[in-house]
Amino acid sequence: GPKVLQIPSHQIIDMGQMVTLNCDPVSNHLYFYWYKQILGQQMEFLVNFYNGKVMEKSKLFKDQFSVERPDGSYFTLKIQPTALEDSAVYFCASSFGGNYAEQFFGPGTRLTVL
Amino acid sequence: GQQVQQSPASLVLQEGENAELQCNFSSTATQLQWFYQSPGGSLVSLLSNPSGTKHTGRLTSTTVTKERRSSLHISSSQTTDSGTYLCAIDKLSGSFNKLTFGAGTRLAVCP
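Residue numbers (the working numbering), protein chains in the order written: chain A, 1 to 114; chain B, 1001 to 1111.
Incorrect hints may have been included.
Just the calculated beta-carbon pair ranges, DEER-fashion [stated by the list, open to error]:
hint, chain 1, residue 1, chain 2, residue 2, range
1, A, Lys53, B, Glu1017, 43 to 51 Å
2, A, Lys3, B, Ala1103, 25 to 33 Å
3, A, Leu84, B, Gln1078, 35 to 43 Å
4, A, Arg69, B, Ala1009, 17 to 25 Å
From the structure, some residues in chain B lie toward chain A, with a derived Cβ separation under 7 Å [said to hold, decoys possible]:
hint, residue
5, Ser1027
6, Thr1030
7, Pro1039
8, Gly1040
9, Leu1043
10, Arg1106
No lab work stands behind these hints, which were simulated from the structure alone.
Note that CB positions come from ideal geometry on N, CA and C, so glycine has one too.
Sequences are here, hints too, so could you generate the full structure?
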C-alpha cells in the first residue's frame, strides 16, 4: 500500500534545543497530520494541514510547535524550544481527501528530550 | 468529544485460536480504521471500515454504524500477531479528519 516515510526514526536532544521532524507523505496526498503518543499512553491528534495552512489543532499543539510543507517537500513538525514533556513518538499521516478519507501513517519518530 | 472504548483491554491466546476485538464509540463515525501497533511501537494500518464487513487475509472487520460498534476478528492466530490493536474513528463535523484513538487491545499469542 501507500507508504509514508519519517526521518529520523529516533532523535535525542537536550531540553531547550530545537528539533525538526520530517515526514515524506504519499505523493498525491493533499492532507497531512501529526499525532503524538507518549510511551504507554493513547495516540492523540496534534494538528492537520491542508493547502499550506493549519486547519485544526489540539490543545497538545503548543505555541512552541509549528508545521509547514515548503514547496511540496517534506511535511515538518518543528518544536522550539523543546521541553521534557515533548518526549514521545510522533506519527505523521497523510490522506488524499479531507473527510471520509483513510489516513496512511508513517512508522513514527521517537523523540527523547533530556 | 468523541470517545472510543476498546475491549478486552488484553487477551492471551494459544496459537491457532481466534480472537474477537471490540470497538465502541460515542458518536456517529464517518471513518473507522483498525491499526496494529507492534511491541516496538510502529503502526500498521489494517483496515478502513466505516460500515459493513471487510476482509483481508485472516482479518475480518464488521462495523454497524447505527449501533456505534465495530469488531475485528483474527482467525487462526499466530505468534507474530502479538501486539496492540487500535481502533480509531472520525466524525464529520465540518472540519477535516482528525482520528480519535481507543486505548487498544493488547494481544499475546503463545506458541
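To see whether the hints hold, each was checked on the structure:
no., hint, result
1, A:Lys53 - B:Glu1017: 43 to 51 Å, "49 Å, holds"
2, A:Lys3 - B:Ala1103: 25 to 33 Å, "27 Å, holds"
3, A:Leu84 - B:Gln1078: 35 to 43 Å, "39 Å, holds"
4, A:Arg69 - B:Ala1009: 17 to 25 Å, "37 Å, violated"
5, Ser1027, "15 Å, violated"
6, Thr1030, "5 Å, holds"
7, Pro1039, "12 Å, violated"
8, Gly1040, "9 Å, violated"
9, Leu1043, "5 Å, holds"
10, Arg1106, "11 Å, violated"
Hint compliance for this structure: hints 4, 5, 7, 8, 10 are not met, and every other hint is.
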